[in-house]
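**Q** Following the hints, put chain D in place on chain L, whose structure we already have.
Now for the letters of each chain:
2 protein chains.
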Amino acid sequence: MTAQIIDGKAFAANLRGQIADHVARLKADHGITPGLAVVLVGEDPASEVYVAAKHRQTVEVGMASFEHKLPADVSEADLFALIDQLNADPNVHGILCQFPVPDHLNERSVVARIDPSKDVDGLSVVNAGLLASGEKGLVSCTPLGCLMLLRDQVGAMSGMEAVVIGRSNLFGKPMAQLLLQENCTVTIAHSRTKELAGVCRRADILVAAVGRAEMVKADWVKPGATVIDVGITRIPHPEKPGKTKLLGDVDFAEVSEVAGAITPVPGGVGPMTIACLLANTLTACCRAHGLAEPEGLTA
Amino acid sequence: MTAQIIDGKAFAANLRGQIADHVARLKADHGITPGLAVVLVGEDPASEVYVAAKHRQTVEVGMASFEHKLPADVSEADLFALIDQLNADPNVHGILCQFPVPDHLNERSVVARIDPSKDVDGLSVVNAGLLASGEKGLVSCTPLGCLMLLRDQVGAMSGMEAVVIGRSNLFGKPMAQLLLQENCTVTIAHSRTKELAGVCRRADILVAAVGRAEMVKADWVKPGATVIDVGITRIPHPEKPGKTKLLGDVDFAEVSEVAGAITPVPGGVGPMTIACLLANTLTACCRAHGLAEPEGLTA
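Each protein sequence line maps, in turn, to chains L and D. Residue numbers 27 to 325, in the working numbering, belong to the letters of the first sequence in order. Residue numbers 27 to 325, in the working numbering, belong to the letters of the second sequence in order.
One thing to keep in mind: the hints can contain errors.
Chain copies aren't distinguished; within one or between two, either way the pair holds.
[Stated by the list, open to error] Within a straight-line C-alpha distance of at most 30 Å, the following computed DSS-like cross-link-like pairs (lysine-lysine) qualify: (1) K220 - K162; (2) K95 - K35; (3) K248 - K220; (4) K269 - K162; (5) K271 - K248.
Hints were generated in silico from the structure; no laboratory data involved.
One chain only, chain L, in its complex shape (with noise of 0.2 Å):
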């Protein structure tokens, strides 16, 4: 068997164009447009290139962007006045802090200063509560990349059997929440899981996210499965000297002969992040002003 390739990348970019629809109709019927707001404290080269492609993908779908740069020793008053503007301005629909921060700051304060209504990376303890309680929130960007990607690949995933690799608020636990309101049958393995490969063998759809490069090999996999990979690790490219290269959590080259769906790293999941951005910001702007909401962008 060889698998089908999961396109992240073409699908995030006809995600885009949506979203620039929507976007497009949003100004003309309503004379609204959705605003994000990006802070970005210190100068993390890796942050910079981060934020930029955040800025360049949310001007080309027609949102308003809205960036912050604050020095690496602003005061964590100064930040949280900052945020707290942002929270006020009826033109800045979401609001996200590029993480790291330094480490005078706490990230789980910065996060719990957004208005969770604004919280667009979902990374909020109310919104995590919203997920866990089956309510609306906005869901993290990532597991909602990986859910429109099953849910295009796999369709209804009732009743399937799904396991989730590692256990991060960030990305494991809301991925298994949202599988399991897909009414899958979900486990959450992890480091201290006893017989990993036989534990993910049973899965019809297996995710991936704990960040050890190629771990997940072809026996690890049933055949036909589906096969997200959410691990990134970058190694020294090893023809190119002086070039890096990305390497997944899934061996490639073994699973892609037994899965029967699998998304390459990279060109697979990593698009769909900042895609996801954009479409809970949209999401969030039809919420602050009562209108309904695009469907198939959130869980």
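**A** Using the frame of chain L, we list chain D on its own:
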């Protein structure tokens, strides 16, 4: 094999004894009396019996018990005014509104009105989010009670396979979170699960909470597993006309021949719920006063 019977009644009595000791020390050392307020709307007979039991046990452990009975036609505004008053009252450390409430009131709105730090039923979105995020909150009483029984019976659960049947917000989902915190490999099964018997047979720890009398049969259980039965179904008593009998989700007669340990119904999980309500009230009181929390009373 004949399973060890997990005596929840004795465990709960012992737990109440420990709580009474802590309460006595709080009074002696700090002049503080933990207080639990129970709000009952209308005159549902089952609720009145339950509230009376809570009142009696609250007083027995030395806590202050505040009962508020409101007429069945109380307005939401009047109920919320009472909750606001209890939220502000420094003598009240735990607040519980007995459910069900009459149809004109919305349970989720009522729970949302209670200060999360006094939500000793652990039902609010904020407490669900704290649990889902691995942060300190108040945990729903019945899953907390099951956790205490499991810690006592099994000890370290790391790496064990746990299966929870049922995915309610009240029980199944928080139970799964608690087992994950104990480093179990956790599977959540439910009405859409295929081959439920086979899924259950994987479990070293099997927790059933669906409310289908004697559903779990001997061949659903791995020999030696620990089985926690949360289901309660009341049927006419087969031998005593006019009387009723309680049945669990587990066929006790059959499964007790296979399991390593099992909770009976009644006398297993049931008595733990009110004991854990008192444990949560004590925990909330200690937190409100900035005092160290007694160990072993929360997750």
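**Q** Against each hint, give a clear statement of whether it holds in the structure.
**A** How the hints compare with the structure:
1. Only between protomers do K220 and K162 lie at most 30 Å apart by alpha-carbon distance; the minimum there is 28 Å, versus 35 Å within a single protomer.
2. Taking CA atoms no more than 30 Å apart as the test, K95 paired with K35 passes inside one copy only; the shortest distance there is 29 Å, against 59 Å between copies.
3. In the homo-oligomer, the alpha carbons of K248 and K220 lie at most 30 Å apart both inside one protomer (18 Å) and across protomers (16 Å), since each shortest distance falls under that limit.
4. Proximity of K269 to K162 under the C-alpha cut-off of 30 Å is found in neither arrangement, the shortest distances being 43 Å within a copy and 44 Å between copies.
5. Taking the shortest Cα distances, K271 and K248 sit within 30 Å of each other inside one copy (28 Å), while across copies they are farther apart (45 Å).
Violation of the numbered hints given earlier is confined to hint 4; every other hint is satisfied by the structure.
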